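Protein sequences, first through last, are from chains A and B. Quick note on numbering: the first sequence equals residues 1 to 213 in my numbering. Quick note on numbering: the second sequence equals residues 1 to 211 in my numbering.
To be clear, the hints were calculated from the coordinates, so they are not data collected in a lab. Incorrect hints may appear among the rest.
Claimed, not checked - The following residues of chain A were derived to be distant from chain B, with all beta-carbon distances above 12 Å: (1) 74; (2) 119; (3) 126.
To be verified - Subject to a maximum C-alpha distance of 16 Å in a straight line, what follows is the list of computed EDC-like cross-link-like pairs (lysine to aspartate or glutamate): (4) A:208 <-> A:133; (5) A:50 <-> A:36; (6) A:211 <-> B:40; (7) B:168 <-> A:81; (8) B:168 <-> A:100.
Small disclaimer: the values here were computed from a predicted structure and weren't measured. Where a beta carbon is used, it is the ideal one built from N, C-alpha and C, also for glycine.
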Amino acid sequence: MFPARSNEMNMSALHSLIACHECDLLHRVQSLHYGERAKCSRCGALLYAKKRDSFEHTIILALASLIFFTLANFFPFMTFELNGRVQVSLLSTGVQEFFERDMWELGILVLCASIIFPALKILGMLYVLGPLEFNRRPWHAALVFRMVEHCRTWAMMDVYLLGVIVAVVKLSDLANLVPGVAIYSFVALIFTLAAADSALDTHMVWEKMEKIS
Amino acid sequence: MRGVYPTAARSGLMSCHACHQLSRIPPVLSEGEPICPRCEAHLHLRKPNSISRTWALLIAAYILYIPANVLPVMTVISFGKGEADTILSGVKELIHAGMVPIALLVFFASITVPVLKLLALTYLLLSVQYKSQWRPRERTKLYRMTEVVGRWSMIDIFMISILIALVKLDAVATIEPGPGAISFAAVVILTMFAAMSFDPRLIWDNIEEKS
Ligand SMILES: [Zn+2]
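In isolation and in its complexed conformation, chain B is listed as follows (with noise of 0.2 Å):
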């Protein structure tokens, strides 16, 4: 069966992103934005500005990047001395320890993941901008993983938090959060951001024929 897939916008309607409810595309866009008739959400054919804000994140999460890996995330301070711990070296400190398998999970969050996500959200904006035809359903995929695996970076945070949280022990014992963590951290927001203002809708309009 050949022919043009009928989607919401081919057919003038548009999709609340919140309830999903479909509504007409009103004649005239530019008076105002309109609201979902069920929800009251305001109601858009397409996430607005989908590719430029996403770039913007993007190139601001990539920039953090670099802060983020450098820079010292915390300094464990025991008997005076400092000993500072960058993402990686935290790592390599667990596998030292014996720790495998939690330094796994620790690097795969930690340096896979943000990694996987800025290429990935780069090669998915670069392929909506140059209109390509190949593999859309794989694209969405992609997408979808960017979507629900970027969260799982912020252990290392929340690692920090419970830390400093658990050994505050004056001259025996202190650890300090430090400026790595306000990148790394921001890495993390951005990319979440950039990957929910990218609109894998726009992978398939440029798809026209059935196959």
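Excised from the complex, chain A in its bound form (with noise of 0.2 Å):
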């Protein structure tokens, strides 16, 4: 990557430079080949970086991540049994439990991150690309995709699942936990909705949003 030079700004330029989101250099696009990132040249910051057939296996992923999220959301997601009691309990149960004792901050805390914003960044993926896919611009696209862009950091399943593992080691000399359907759905989201968003190329999503509109 070479910096741009200052003196060659005139307004069709502006498509042909990137400025690094984190120290704010100039760089020339270049065209990429499959696989291929290109990083800034003064901070080693991502600018971006070229994914083959990324609409179609964003959605593919996105479409996979719905299903998971469906099942781990309604299924049990552990059992735990103590002296002949068993217990059931479902993704949604510990938010339940945080708003019974009056304790909502930590109850819309988990709810958000363990729930709704991974929904929304699934249901926000598909919305747009799917209609832009077939060269259609969704109502709000723009609004929309910077929430999916938003949910990257406040969904946060991955950390749930080591808060589960932890929980689980604490009770395994107390009581015998079995899990559920949810939990294994679970596991599979947080892979499917990993791999989506390594597949999602977000340049290319508002470029062809741009040639559309």
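If you follow the hints, you should be able to join the two separate chains into one complex; please do so.
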């Protein structure tokens, strides 16, 4: 990557240039081969990458995520057995318990991080990429796609899974724990959604959106 | 090759934080916020009031860090006897139970990461305010790390939510979340917002010459 020279700034140049989002250095956009990444020559930040069949792969992975998400929410997450008493819990049971104890701050937090933001992310991806694949621009596409990008930070299913593991380890002496269908779906969801994330080429989405509008 | 680095700002351009499209900086910036022609996001040359916003969030996080560590995050009640756990005592218990790898994981996520994040952001803010020229590339890497690693501190909060969902056998065993959990969650969220409101380009704005 060579930094662009500052004396060639006419209007048409705006599209052929990109500024590093971490150090503001200007670069000329270069066409990459599949699998290549362009990094900032000054600070090393990832500028953009070219991915093979980005739209198709992202849509398929997001659809798979949607199925796993549904399973994870409606099937038993884990069963707890102690002295003959059995307690079945769902993914959302912890949230309910927080609300019952008037700790709504934590209830909302866990609800958003483990259910709402993942759902918004999956639905948002499908809403924007599905029509774009057929050269249509959905209503408020830019707004929705910006939201999808925000969900990257706030959807925390991977962290949630580690929380599950720590909780299981803590209880393993005390009681018998049986994992349910939902927990396997949840693990699958983490993988498909991470794969959808890495298949997604955000620059391509913005460029396509601009062409169609 | 020496000379001034060609940045967007020095070329009269600003980059959209959402879609990275470049736009010209309008001659009069006061007339409302410009909007990105491609994705309709508000455009800013740098994140607005980055330094003061980050300081405010960071100081709030420092203050809440104390109750987060002193107050119990949860109480395990079995057969009428309650035992309160703080973040640190939860780690100790895991070590006593012989679960060292999990204990290390929780220690790293709940104790090391929040402290390092608070210190790293404080250092980054001070280095920008004192116009430090020292190792901008490494400071940018430090920023990138604080941004990525922050969410992992939520492990403890999620663990509590799973424990209260599973263990509710009235007299035999129940688990009650404690006030420390709210403070702890607030620290994690505040530092995440602080990392987001910090603009790493400020590190580089002080660096003019190629070396
Ligand atoms: Zn850079």
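Do the hints match the structure? See the list:
no.	hint	result
1	74	holds, 16 Å
2	119	holds, 17 Å
3	126	holds, 19 Å
4	A:208 <-> A:133	holds, 9 Å
5	A:50 <-> A:36	holds, 6 Å
6	A:211 <-> B:40	holds, 15 Å
7	B:168 <-> A:81	holds, 11 Å
8	B:168 <-> A:100	holds, 13 Å
When the structure is compared with the earlier hints, no violation turns up for any of them.
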